[in-house]
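6 protein chains.
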Amino acid sequence: MSDIPMHARRHYQMVDVGDKNVTRRRAIASGSIHLGEIAYPAVRRGTLPKGDPLVLAEAAGVMAAKRTGDLIPLCHPLGLDHVALAFLLDDDALRVDVFCQAATSARTGVEMEALTGVQVALLTIWDLAKQVEPKLQIDQVRLLLKEGGKSGRWIHPDGLPPLPDGFERE
Amino acid sequence: MSDIPMHARRHYQMVDVGDKNVTRRRAIASGSIHLGEIAYPAVRRGTLPKGDPLVLAEAAGVMAAKRTGDLIPLCHPLGLDHVALAFLLDDDALRVDVFCQAATSARTGVEMEALTGVQVALLTIWDLAKQVEPKLQIDQVRLLLKEGGKSGRWIHPDGLPPLPDGFERE
Amino acid sequence: MSDIPMHARRHYQMVDVGDKNVTRRRAIASGSIHLGEIAYPAVRRGTLPKGDPLVLAEAAGVMAAKRTGDLIPLCHPLGLDHVALAFLLDDDALRVDVFCQAATSARTGVEMEALTGVQVALLTIWDLAKQVEPKLQIDQVRLLLKEGGKSGRWIHPDGLPPLPDGFERE
Amino acid sequence: MSDIPMHARRHYQMVDVGDKNVTRRRAIASGSIHLGEIAYPAVRRGTLPKGDPLVLAEAAGVMAAKRTGDLIPLCHPLGLDHVALAFLLDDDALRVDVFCQAATSARTGVEMEALTGVQVALLTIWDLAKQVEPKLQIDQVRLLLKEGGKSGRWIHPDGLPPLPDGFERE
Amino acid sequence: MSDIPMHARRHYQMVDVGDKNVTRRRAIASGSIHLGEIAYPAVRRGTLPKGDPLVLAEAAGVMAAKRTGDLIPLCHPLGLDHVALAFLLDDDALRVDVFCQAATSARTGVEMEALTGVQVALLTIWDLAKQVEPKLQIDQVRLLLKEGGKSGRWIHPDGLPPLPDGFERE
Amino acid sequence: MSDIPMHARRHYQMVDVGDKNVTRRRAIASGSIHLGEIAYPAVRRGTLPKGDPLVLAEAAGVMAAKRTGDLIPLCHPLGLDHVALAFLLDDDALRVDVFCQAATSARTGVEMEALTGVQVALLTIWDLAKQVEPKLQIDQVRLLLKEGGKSGRWIHPDGLPPLPDGFERE
Numbered sequence: 001m002s003d004i005p006m007h008a009r010r011h012y013q014m015v016d017v018g019d020k021n022v023t024r025r026r027a028i029a030s031g032s033i034h035l036g037e038i039a040y041p042a043v044r045r046g047t048l049p050k051g052d053p054l055v056l057a058e059a060a061g062v063m064a065a066k067r068t069g070d071l072i073p074l075c076h077p078l079g080l081d082h083v084a085l086a087f088l089l090d091d092d093a094l095r096v097d098v099f100c101q102a103a104t105s106a107r108t109g110v111e112m113e114a115l116t117g118v119q120v121a122l123l124t125i126w127d128l129a130k131q132v133e134p135k136l137q138i139d140q141v142r143l144l145l146k147e148g149g150k151s152g153r154w155i156h157p158d159g160l161p162p163l164p165d166g167f168e169r170e
Numbered sequence: 001m002s003d004i005p006m007h008a009r010r011h012y013q014m015v016d017v018g019d020k021n022v023t024r025r026r027a028i029a030s031g032s033i034h035l036g037e038i039a040y041p042a043v044r045r046g047t048l049p050k051g052d053p054l055v056l057a058e059a060a061g062v063m064a065a066k067r068t069g070d071l072i073p074l075c076h077p078l079g080l081d082h083v084a085l086a087f088l089l090d091d092d093a094l095r096v097d098v099f100c101q102a103a104t105s106a107r108t109g110v111e112m113e114a115l116t117g118v119q120v121a122l123l124t125i126w127d128l129a130k131q132v133e134p135k136l137q138i139d140q141v142r143l144l145l146k147e148g149g150k151s152g153r154w155i156h157p158d159g160l161p162p163l164p165d166g167f168e169r170e
Numbered sequence: 001m002s003d004i005p006m007h008a009r010r011h012y013q014m015v016d017v018g019d020k021n022v023t024r025r026r027a028i029a030s031g032s033i034h035l036g037e038i039a040y041p042a043v044r045r046g047t048l049p050k051g052d053p054l055v056l057a058e059a060a061g062v063m064a065a066k067r068t069g070d071l072i073p074l075c076h077p078l079g080l081d082h083v084a085l086a087f088l089l090d091d092d093a094l095r096v097d098v099f100c101q102a103a104t105s106a107r108t109g110v111e112m113e114a115l116t117g118v119q120v121a122l123l124t125i126w127d128l129a130k131q132v133e134p135k136l137q138i139d140q141v142r143l144l145l146k147e148g149g150k151s152g153r154w155i156h157p158d159g160l161p162p163l164p165d166g167f168e169r170e
Numbered sequence: 001m002s003d004i005p006m007h008a009r010r011h012y013q014m015v016d017v018g019d020k021n022v023t024r025r026r027a028i029a030s031g032s033i034h035l036g037e038i039a040y041p042a043v044r045r046g047t048l049p050k051g052d053p054l055v056l057a058e059a060a061g062v063m064a065a066k067r068t069g070d071l072i073p074l075c076h077p078l079g080l081d082h083v084a085l086a087f088l089l090d091d092d093a094l095r096v097d098v099f100c101q102a103a104t105s106a107r108t109g110v111e112m113e114a115l116t117g118v119q120v121a122l123l124t125i126w127d128l129a130k131q132v133e134p135k136l137q138i139d140q141v142r143l144l145l146k147e148g149g150k151s152g153r154w155i156h157p158d159g160l161p162p163l164p165d166g167f168e169r170e
Numbered sequence: 001m002s003d004i005p006m007h008a009r010r011h012y013q014m015v016d017v018g019d020k021n022v023t024r025r026r027a028i029a030s031g032s033i034h035l036g037e038i039a040y041p042a043v044r045r046g047t048l049p050k051g052d053p054l055v056l057a058e059a060a061g062v063m064a065a066k067r068t069g070d071l072i073p074l075c076h077p078l079g080l081d082h083v084a085l086a087f088l089l090d091d092d093a094l095r096v097d098v099f100c101q102a103a104t105s106a107r108t109g110v111e112m113e114a115l116t117g118v119q120v121a122l123l124t125i126w127d128l129a130k131q132v133e134p135k136l137q138i139d140q141v142r143l144l145l146k147e148g149g150k151s152g153r154w155i156h157p158d159g160l161p162p163l164p165d166g167f168e169r170e
Numbered sequence: 001m002s003d004i005p006m007h008a009r010r011h012y013q014m015v016d017v018g019d020k021n022v023t024r025r026r027a028i029a030s031g032s033i034h035l036g037e038i039a040y041p042a043v044r045r046g047t048l049p050k051g052d053p054l055v056l057a058e059a060a061g062v063m064a065a066k067r068t069g070d071l072i073p074l075c076h077p078l079g080l081d082h083v084a085l086a087f088l089l090d091d092d093a094l095r096v097d098v099f100c101q102a103a104t105s106a107r108t109g110v111e112m113e114a115l116t117g118v119q120v121a122l123l124t125i126w127d128l129a130k131q132v133e134p135k136l137q138i139d140q141v142r143l144l145l146k147e148g149g150k151s152g153r154w155i156h157p158d159g160l161p162p163l164p165d166g167f168e169r170e
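Chains as they are written, first to last, in my numbering: chain A, 1 to 170; chain B, 1 to 170; chain C, 1 to 170; chain D, 1 to 170; chain E, 1 to 170; chain F, 1 to 170.
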């Protein structure tokens, strides 16, 4: 051991947002689950044995977005003005794209809330589809847009894909 | 499947409260548990084998009201200024009436918080009384009053019953 | 203060189930929400502004049943084999009846799990219906059946109402 | 409305695992986060302003795997024997691969636990890296292996990638 | 960066308890809060402005013990057979001693559950007493006894203090 | 039973903070774990079999501080601007001192959040050290400083010990 009897350690820095302004902040994230030839039609037609995964995924995604601060260690716990999820079904790619929008009036942004909503919605689809197809894959989980606060609006450099109704740029 | 390769789905609308004002909002809810001739006296006198259900129900109701956003999918997560529970014991009806008042300074109301506090308090009484009487019944869970926000005060059309101290109309 | 320098207090007795057998245990509970002439048809037809409350209530009820030990202070935390919710819509009474069945292979029963599933499902319907009708009421929350363990099967003395598919007596 | 006064609805089927055997069950899942030229070296060298994301992601992933039943509506709540996370840093692809292994002695498998551990670990890395690079992307979230129970061992049809120590085939 | 393109990291080892036997396991922990001349009599007589802290602390301690796996990262999530709390009031030392006993039939012990119950009970007393006295202090949080499993019974080397009823050595 | 048919009970008073001002509020708490001659060097050098307890304790403490309102019955649920933990290792006393600072912009203080962060961090160190030494002890859990709100700054009457970087008096 060292000669110094007292030795200090601190490993993480949660940003102190006390000096930031309460402003409207919004974020949209998206991600995809590749379902394949067996599971996709069953999701699309709502014929999976456990039930329709999309409605359940929407409920689970909204609930998970609200619990982001419980899951991600350095995320600030905060109230939310709004959470919404929507799904695009791509018959060619046999894939479901999940979109999650979160909004708050707070001192910090809601990117992680939007991403958490996407991830748990994707996992919920997985949970219902895995009975018919264990080879599933989640890809392209991305932040599409964030706005509000000092840094203003940021849009993914690849541009925005077509967004579901209610997820417009504002 | 359809001819349209992309098909969008969205099932729920959580209200976006971003444009609403932060105002004081309050709600009172109530509900009753019918205990019967065996369990009621034991609750009344605090002689149930597991302990006094009313103090425990008060603690559980306050804690549940704070977790409303975790339980009810489309409820906004929000801070609370106040939660209180109180109990009326009706020796004639062999019934306990539970009242829960919740208050916040926020963009949305707290009806669901008051109702969740009532429901979990009632379940806690049930949990302690069920050992002596499995035939219990919860009835008349109602919102009695809400106030604050654009819609102002609403009182149950049947009028307010006698309220416990501290649950007045303000 | 008393003359005795040490004074002990203990208020509650959570049953120690260590000596009980691991057996299959099952419970069914039910409860009703009275929706009235405006909200009932909107629930029935799925035209409430926030979305279809029944699918959401089913998701919320299942999730709440799994968290019973988090909400009810003296409930044992335990794994569950099964949770199911079902809804009966009564066009005459303008009422939705919620049924929840829970099952486990454990040392203690699941009455509180079934009841918690019912209560949170009812609150979720309330949350979606309250926008069109604040005068709602929850009634007749009851345990219908429990079985397993030393005490064996218990059926509500009023008998069982017609149960949804999959909630049979076994 | 219909002519039938009573109309039943049930939307989801949580599998009743009461008849399944308690056996050792294990699953391994993986996923990747693409960090890019700015964030990758900072993650690799531990120089991100908020701290080392990998240790934190390991803690968050383990904790999230334990809460899978809270997040995914139809997942059974169950005890776990083991959860482990490990990270592979790919200097060429500027990418971190996250692996999560979960194991239980229960009546149902732990695929969703392993996947939830991966997803929340990836989100935690994102949360710390986003300050220096908002253009991140999560890809290739897959189940690699599951074993135990009636269906026995399943390995992803693409075969297993090199696994971290302690994640071997057993 | 290194020459090796792939670099693996793993920081924690949650014990894999899959090979351990399911046995009865029990633990008792204790801890003290020093209340001082103003707060102690108010706790003792139940005259604190917010209410009687001991009943509330008992409820909070039981609930926290059940959530240990949610709070302590490497603790296994497990069912509990029993949790109990009891309080000794020491009029001479102006101190409350909290005892928590936890028991399970599982593959791993419940020391952390007993300790978590003690800590949250102590914090709950603090929360109610702090209004009349901010200078409080928690001391002597210790594990007193654990038994069950391969390592058998362990008793604190200082021996057991007088234990409340129901916390005997068995 | 009494002659009065209706008998009211209410046991707790959660302070209604609706009339208080939203101001910056901050608190610092600390506590110590005595590790002894076997566990201390292993913690200090990071050689415990389960991993480095300090990084994990920091993560667990931050997460627990955010969940204070879930654990302590009468604590208001609130957003936090900041949580930080730091550790002092005392080679002479074979002890780790944990410090937690919490800050908010709210209507009520964050003493309980700082204390909860300390307690869960201490328990996390315990969980990793107990494998090599079951005789551990937590002592001197104290509130060191609180500021903000009507009551202004309060400093522990014994004065402040040397604080880690970033925990200054402001």
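Where hints are given, some of them may not hold.
[Claimed, not checked] Under the rule of at most 27 Å between Cα atoms (straight-line distance), these lysine-lysine pairs were calculated in the BS3-like manner:
id: 1; chain 1: E; residue 1: Lys20; chain 2: F; residue 2: Lys20
id: 2; chain 1: A; residue 1: Lys150; chain 2: D; residue 2: Lys135
id: 3; chain 1: B; residue 1: Lys130; chain 2: C; residue 2: Lys150
id: 4; chain 1: D; residue 1: Lys150; chain 2: A; residue 2: Lys20
id: 5; chain 1: E; residue 1: Lys130; chain 2: F; residue 2: Lys150
id: 6; chain 1: F; residue 1: Lys130; chain 2: F; residue 2: Lys20
id: 7; chain 1: E; residue 1: Lys50; chain 2: D; residue 2: Lys20
id: 8; chain 1: B; residue 1: Lys135; chain 2: C; residue 2: Lys150
id: 9; chain 1: E; residue 1: Lys20; chain 2: D; residue 2: Lys150
id: 10; chain 1: C; residue 1: Lys50; chain 2: A; residue 2: Lys50
id: 11; chain 1: C; residue 1: Lys50; chain 2: B; residue 2: Lys130
id: 12; chain 1: C; residue 1: Lys130; chain 2: B; residue 2: Lys50
id: 13; chain 1: B; residue 1: Lys150; chain 2: C; residue 2: Lys20
id: 14; chain 1: A; residue 1: Lys130; chain 2: D; residue 2: Lys130
id: 15; chain 1: E; residue 1: Lys150; chain 2: F; residue 2: Lys20
id: 16; chain 1: D; residue 1: Lys130; chain 2: A; residue 2: Lys150
id: 17; chain 1: D; residue 1: Lys50; chain 2: D; residue 2: Lys150
id: 18; chain 1: E; residue 1: Lys150; chain 2: E; residue 2: Lys50
id: 19; chain 1: A; residue 1: Lys150; chain 2: A; residue 2: Lys50
id: 20; chain 1: A; residue 1: Lys20; chain 2: F; residue 2: Lys50
id: 21; chain 1: C; residue 1: Lys50; chain 2: B; residue 2: Lys50
id: 22; chain 1: B; residue 1: Lys135; chain 2: C; residue 2: Lys20
id: 23; chain 1: B; residue 1: Lys130; chain 2: B; residue 2: Lys50
id: 24; chain 1: C; residue 1: Lys150; chain 2: C; residue 2: Lys50
id: 25; chain 1: B; residue 1: Lys150; chain 2: C; residue 2: Lys150
id: 26; chain 1: C; residue 1: Lys150; chain 2: D; residue 2: Lys20
id: 27; chain 1: E; residue 1: Lys135; chain 2: E; residue 2: Lys50
id: 28; chain 1: A; residue 1: Lys50; chain 2: D; residue 2: Lys130
id: 29; chain 1: C; residue 1: Lys20; chain 2: E; residue 2: Lys20
id: 30; chain 1: C; residue 1: Lys20; chain 2: D; residue 2: Lys130
id: 31; chain 1: B; residue 1: Lys20; chain 2: F; residue 2: Lys130
[Stated by the list, open to error] So the derived list for chain B, only partly shown, Cβ under 7 Å to chain F, looks like this:
id: 32; residue: Val15
id: 33; residue: Asp19
id: 34; residue: Val22
id: 35; residue: Ile38
id: 36; residue: Gly46
id: 37; residue: Lys50
id: 38; residue: Val55
id: 39; residue: Glu58
id: 40; residue: Gly79
None of these hints come from the bench; they were simulated from the model.
The beta-carbon is built from N, C-alpha and C at its ideal position, and this holds for glycine as well.
Is the straight-line distance between the alpha-carbon of E/Lys130 and that of F/Lys150 27 Å or less?
-> holds, 16 Å
27 Å Cα cutoff - pair B/Lys150, C/Lys150 = With a Cα-Cα distance of about 56 Å, the restraint between B/Lys150 and C/Lys150 is violated, given a limit of 27 Å.
Would you settle whether the hint for B/Asp19 is holds or violated, based on the nearest Cβ-Cβ distance to chain F being less than 7 Å?
-> violated, 20 Å
Measure nothing beyond the straight line between the CA atoms of A/Lys150 and D/Lys135; if it is 27 Å or shorter, mark the hint as holding.
-> Since the Cα atoms of A/Lys150 and D/Lys135 sit roughly 18 Å apart, the hinted pair holds (cutoff 27 Å).
Sort out whether F/Lys20 lies within 27 Å of E/Lys20, counting only the CA atoms.
-> Outside the cut-off at roughly 54 Å; violated.
Would you mind confirming whether the straight-line C-alpha gap from B/Lys135 to C/Lys150 stays at or under 27 Å?
-> holds, 18 Å
Does the structure keep C/Lys150 and D/Lys20 at a Cα separation of 27 Å or less?
-> Distance ~22 Å between C/Lys150 and D/Lys20 Cα, so the pair holds.
Can the restraint linking D/Lys130 and A/Lys150 be considered satisfied, given a maximum Cα separation of 27 Å?
-> OK: D/Lys130 and A/Lys150 at ~16 Å, within 27 Å.
Restraint check for A/Lys20 with F/Lys50, where alpha carbons must lie at most 27 Å apart = violated, 39 Å
Holds or violated: C/Lys20 with E/Lys20, Cα cutoff 27 Å?
-> holds, 21 Å
Within a Cα-Cα threshold of 27 Å, do A/Lys130 and D/Lys130 meet the stated pairing?
-> Given that 27 Å is the threshold and the Cα spacing comes to 31 Å, the pair is violated.
Mind checking the alpha carbons of E/Lys135 and E/Lys50 for me, to see if they're no more than 27 Å apart?
-> Since the Cα atoms of E/Lys135 and E/Lys50 sit roughly 18 Å apart, the hinted pair holds (cutoff 27 Å).
Going down the numbered hints, you'll see the structure goes against 1, 4, 6, 7, 11, 12, 13, 14, 15, 17, 18, 19, 20, 21, 24, 25, 28, 30, 31, 32, 33, 34, 35, 36, 37, while the others check out.
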